[in-house]
Amino acid sequence: MAPSAIPNGTANGAPSNGTSTSTSSLRADDNIQRFAAPSRPMSPQPQHTLFHPKTRCFVYGLQARAVQGMLDFDFICKRKTPSVAGIIYTFGGQFVQKMYWGTSETLLPVYQNSEKAMAKHPDVDCVVNFASSRSVYQSTMELMEYPQIKSIAIIAEGVPERRAREIAHVARKKGVTIIGPATVGGIKPGAFKIGNTGGMMDNIVASKLYRKGSVGYVSKSGGMSNELNNIIANTTDGVYEGIAIGGDRYPGTTFIDHMLRYQQDPDCKILVLLGEVGGVEEYRVIEAVKKGVITKPVVAWAIGTVAGLLKTEVQFGHAGSFANSQLETANMKNSSMKEAGFYVPDTFEDLPAVLKKVYDAEVNKGSIRPAAEPAVPKIPMDYNWAQELGLIRKPAAFISTISDDRGQELLYAGIPITDVFKEEIGIGGVMSLLWFRRRLPSYAGKFLEMVLMLTADHGPAVSGAMNTIITTRAGKDLISSLVAGLLTIGSRFGGALDGAAEEFTRAYDKGLSPRDFVDTMRKENKLIPGIGHRVKSRNNPDMRVTLVTEYVQNNFPSHKLLDYALAVETVTTSKKDNLILNVDGCIAVCFVDLLRNSGAFSAEEAEQYLANGVLNGLFVLGRSIGLIAHHLDQKRLRTSLYRHPWDDITYMLPELAGKGAPGNEGRVEVDVK
Amino acid sequence: MSAKSIYEADGKAILNYHLTRAPVIKPTPLPAQATHNPPAKLAAIQFEEGDNVEGVLDRAEATFPFLLVPGSKFVAKPDQLIKRRGKSGLLKLNATWQDAREWIAARANKVQKVEHVEGALRHFLVEPFVPHPQETEYYININSVREGDWILFYHEGGVEVGDVDAKAEKLLIPVDLSQYPSNEEIAKGLLSKVPKGVHNVLIDFISRLYAVYVDSQFTYLEINPLVVIPNKDVTGAEVHFLDLAAKIDQTAEFECGSKWAIARSPAALGMPAIAEKTGKVSIDVGPPMEFPAPFGREMSKEEAYIAEMDAKTGASLKLTILNGKGRVWTLVAGGGASVVYADAIAAAGFASELANYGEYSGAPTETQTFHYARTVLDLMFRSPNTADGKVLFIGGGIANFTNVASTFKGVIRALREVAPLLIEHKVQIWVRRAGPNYQEGLKNIKAVGKELNLNMHVFGPEMHVSGIVPLALIPGKMNSSIKEFEG
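Those protein sequences? They're chains Y and U, same order as listed. Quick note: the first sequence, position 667, residue 667 per our numbering, numbers continuous. Quick note: the second sequence, position 59, residue 59 per our numbering, numbers continuous.
One chain only, chain Y, in its complex shape (with noise of 0.2 Å):
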């Protein structure tokens, strides 16, 4: 992998990188990337060699932030393909993943099964495995059956131990190299960088892992391989490549695998190793030294060195960090590396001192030249992001002021649910937070509550109910049937609240009497609306006005509207009995001295809310509570299909003269002449 393997792009960093786009013939918005397969074989990479920048992978699982971070550091590469050729995804039923290069926009392919995308990208031969500790197991073995898959890296955390050392007995068998589990994964800069190592493109860019430096480095902690890239970048020309091996007791390949790359790599001049307590495998790099294997420079440092000063056993953060034995505490390990001639600092502060007199010395001898410093590349920000960072702004195209999900608790117009429940403040609570965004005197509440009870239903004859029941007879679903019954509620069927609403506070706010009120909507031949029964009578009265008359009257502090209505029911009974004030206007009037009298809304809010359709909302509510009982009602006596019968409809079709032919029967003809 010489370094004119990777394309100088122009100099503003343009995609001009031979890239089977064709942008002119497309429309303009579409700033889609497409990406034309390879058309030859690749030619065979060193042994020592695991990434390079042509090196083309699957990522196992829809990590697209993993996959946008490794395609984010391509482009900065200046990479001619994305390194990633698709996803596996088995719980998948996408089929591209969009994903950004530069500024422009690539689509990838997600599969459902690893047979299939193999079969399509056989140039790939490295998986970016991010499937759970759970599946990871089977999801790897699986993965290895594939000839052409040379490297896996397993990010999983909690693989468990037994399965760990399966995977690696198999992975060594087939000659398959894994990293991880229990790790971020690493980086080979200029050309290649498993899933999120390195972190946020800032932290690559501040670490110069655009471009191949000299050091190679093996890390236990992937965290720790964060800061080593930034000791690196700072005391050196760079990083040549970074592998962290995972935190687990078994990894899958360890120190001296990678050191043995590195070794065999003519491009790595020095090495760097950051262990850790707990394992032995230190010890396999310290005989490769010692046997002569490895004749580069190592600087070294095992971490952990305070257990052995603490009381009592402490589990560190990684599952492989504990020592069984005096061999594998960090200070032995520390002090045996010394003694095979490694270069190991003091402490793991003075390491960097240590690294910078190393790389000075083979600058000295000649056997590294640092290389020029290409331009720093650019990379666009994220929107959400910049956004974090407050330095973007744009105007939102929803608001929402009652409701807010995103924080710890559920906020009802800025009560936390818990709240809500810790009060008690029931369905009419809630009603009058989400519909009025704020807290009503809880007589409003129960109010609310009444009028829900009382609306709920009023038997299966009325058009609602009806339609829900028909729809519910024709095998449609829950709501269907009851948006079938909701769908008739309007003027006629339940709207009435609103009109009685209206008209009686029209005529309170005129100053009309009752007796003139009555009067002047006879003389405009109008319907009283809320005003009258088909049964119920002054001598037989409705007990659910009665219900609501007697709580108003007894709980809200103002109830002049109702004082009204009954006071023009007395002038309509007087003229026949059975106009009385009827359950919907009773509750209409009720909800208006409640919007106007409550003291919680503003006159104008009263009318807003009144205008906005709130009576509607409160019967539409109410009685979705039976139409939903009505489907339940059918779909348990599983009723079948209703047809209306013939003789209950009344066939009044136009009739010709002559009864024409038949089938003919009852057509009108009509002469164009």
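Be aware that a few hints might be false.
Subject to a maximum C-alpha distance of 25 Å in a straight line, what follows is the list of computed SDA-like cross-link-like pairs (lysine to any residue) [claimed, not checked]:
{"#": "1", "chain 1": "U", "residue 1": "K409", "chain 2": "Y", "residue 2": "L389"}
{"#": "2", "chain 1": "Y", "residue 1": "K173", "chain 2": "U", "residue 2": "L171"}
{"#": "3", "chain 1": "Y", "residue 1": "K291", "chain 2": "U", "residue 2": "E147"}
To be clear, the hints were calculated from the coordinates, so they are not data collected in a lab. Quantities reported herein were computed from a predicted structural model and do not represent experimental measurements.
Starting from the known structure of chain Y, arrange chain U on it as the hints suggest.
For chain U alone, kept in the frame of chain Y given last:
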């Protein structure tokens, strides 16, 4: 999450239940036992701080009826991962239940010093005493390494077994179980010092023991002494695990959780069916596995609080109090960085003053960070206020994705709440952090330090991850040439 020690009682229960059930890897020389083992007689008696000891013992009698069988003799011992209990006088042998009960009552909830560690005795195990001839005692140990599992076997068991690493016979069972040794190889590898007559019995037992080891995902198992008394025609044997220490792989919970649970269910332990007190539904047949803390490292209220918070989120929050009276406290982000900080503090000569080990990582929310920081700060103010004052490291590596500014908001909120105490306790605060948006985070914390008049030094990625530790602790290391974060 890793290999964790378990109670002796739990280890024995798992062996007793699964020994006849776990599938053997290759056929053994003996036919499988016709019936499963009877319920294990293991009375695990647990005391909590402030418990009425006699009351707990009375309840134990009801839970474990075998304790009251007349004429029985028992062994009683604390079951808290204590090694060499016999030598510390923590073993009551060949006792009637009344004796054992008194012996436990005299020790329950009392602090005991074992070697150099002090801790309260809270968890006891009572089981039948097994008289047996000396020559039926063996030593067996299985432990896992990268290449496979080592079985160590020695023909003599007991406390005086000595250096088993040197003298026991060893056999490596490879990871690939298709390479499992034949019965002859097992005999050759492990039983060369055992009379031929009991070979079959022992091979059968070892194979079954190893099957349980694999099936229940042990990572370590030591039985010493193991007592194997063959029956007359040597077609089977009575096996007793007199003393057992084991670790299992906690990460295998999703594969083995149900096996661990059922072996420890009331039915498997011969408990009379007592109505569940709590009425709680557990996910398996039997209780979830418990992983006791090492002896003397009982979780404090604060540690338990952080552990509980940790369990409830995707973020990682860890806290271990090493020395509550220490002067050096840490509030470090990241698993690797937290170890590096502890190392650096020890290297500077302050290991004995290091008060806590812990870390927060994995993008905790501002609130979680606040509660974590508040907990550590509260503990810090409880340690004695000395003339030298205290040192608090607010450290961390270069974060990958955590928005440093937002996690620091939680830390800053905690600092604000306790600012007067920070001054009163003469706390030096040293800050080092980097990663996404660190500039904003460092600027904010620095501003708060100035505003509240705190003794604070702030550094960014130019400073080595734990570079602030020597600067803070070693006199003369900090000088004017070392630049702090400017903001």
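Given the hinted pair K291(Y) and E147(U), is their alpha-carbon gap at most 25 Å?
holds, 23 Å
What's the verdict on K173(Y) and L171(U), does the C-alpha distance respect the 25 Å limit or exceed it?
holds, 22 Å
Under the criterion that the straight-line Cα-Cα distance not exceed 25 Å, is the pair K409(U), L389(Y) satisfied?
Status holds; Cα separation ~14 Å.
In summary, this structure violates none of the numbered hints.
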